[in-house]
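Engineer: Residues 837 to 995 in our numbering are what the sequence shown lists, from first letter to last.
No lab work stands behind these hints, which were simulated from the structure alone.
Treat the hints loosely; a few may be bogus.
[Stated by the list, open to error] In the SDA-like style, the derived pairs of lysine to any residue whose C-alpha atoms are separated by at most 20 Å in a straight line are:
1. LYS991 / LYS890
2. LYS922 / PRO910
3. LYS938 / ARG988
4. LYS938 / CYS917
5. LYS848 / GLU984
6. LYS938 / TYR871
7. LYS938 / ASP874
8. LYS938 / ASP898
9. LYS890 / TYR861
10. LYS993 / TYR861
11. LYS922 / ILE899
12. LYS938 / ARG901
Quick caveat: nothing in here was measured; it's all calculated off a predicted structure.
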Amino acid sequence: MSDASDCMNQYKIFEEGFNIESMSYEDFFFVLTDYIEDCLIHERTCLCISSRVKSIVASYIDIIRDHLSQKTGPDLLDQLCIENMKNREGANFEESEQVLLKIIQYALFSRERSSLTKDGADFMLGFVFADIGLLGHEYCRSFRLYLEQHTRMHKFKVD
Numbered sequence: 837m838s839d840a841s842d843c844m845n846q847y848k849i850f851e852e853g854f855n856i857e858s859m860s861y862e863d864f865f866f867v868l869t870d871y872i873e874d875c876l877i878h879e880r881t882c883l884c885i886s887s888r889v890k891s892i893v894a895s896y897i898d899i900i901r902d903h904l905s906q907k908t909g910p911d912l913l914d915q916l917c918i919e920n921m922k923n924r925e926g927a928n929f930e931e932s933e934q935v936l937l938k939i940i941q942y943a944l945f946s947r948e949r950s951s952l953t954k955d956g957a958d959f960m961l962g963f964v965f966a967d968i969g970l971l972g973h974e975y976c977r978s979f980r981l982y983l984e985q986h987t988r989m990h991k992f993k994v995d
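Taking the hints into account, I'd like the entire structure generated from these sequences.
Structural biologist: In structure tokens:
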């Protein structure tokens with residue numbers, strides 16, 4: 837089974853147990869940034885991520901969380917969104933670093949510009965699973981398990 841196919845299977849397994857259509861912008865991005873911080877930039881990760889990229893992503897996460905908590909407005913997020921796109925284009929990053937910067941990009945879109953607001957969490961989550969799959973199919977499985985256990989996800993669980 838290909839990594840992409842396995843990731844979509846992991847997404848389907850997750851989707852069957854959760855009503856993700858009703859997820860809010862805040863819930864979605866708090867969970868995503870928690871996953872990135874806990875699993876992808878954590879010092880024990882097996883990913884080849886430089887300290888420079890980890891630092892960039894960690895600073896983005898802090899600003900995203902401030903935005904989600906309404907401590908900052910959308911303008912700063914919009915600036916970082918553009919900065920991240922330029923970083924991805926112009927820098928010589930490892931493939932896993934490029935993928936990580938691509939995943940964090942979803943959370944750098946303000947509520948007004950986010951496809952989550954327009955298309956729903958279920959639509960966006962499929963893309964996130966696919967991008968995480970670029971790191972390897974084992975990351976899709978760990979992402980699904982992480983989502984299923986996250987405290988914010990309990991209210992979306994289907995009985």
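Engineer: Could you run down the list of hints and mark each one as holding or not?
Structural biologist: How the hints compare with the structure:
{"no.": "1", "hint": "LYS991 / LYS890", "in the structure": "31 Å, violated"}
{"no.": "2", "hint": "LYS922 / PRO910", "in the structure": "19 Å, holds"}
{"no.": "3", "hint": "LYS938 / ARG988", "in the structure": "23 Å, violated"}
{"no.": "4", "hint": "LYS938 / CYS917", "in the structure": "10 Å, holds"}
{"no.": "5", "hint": "LYS848 / GLU984", "in the structure": "13 Å, holds"}
{"no.": "6", "hint": "LYS938 / TYR871", "in the structure": "14 Å, holds"}
{"no.": "7", "hint": "LYS938 / ASP874", "in the structure": "17 Å, holds"}
{"no.": "8", "hint": "LYS938 / ASP898", "in the structure": "17 Å, holds"}
{"no.": "9", "hint": "LYS890 / TYR861", "in the structure": "24 Å, violated"}
{"no.": "10", "hint": "LYS993 / TYR861", "in the structure": "17 Å, holds"}
{"no.": "11", "hint": "LYS922 / ILE899", "in the structure": "18 Å, holds"}
{"no.": "12", "hint": "LYS938 / ARG901", "in the structure": "18 Å, holds"}
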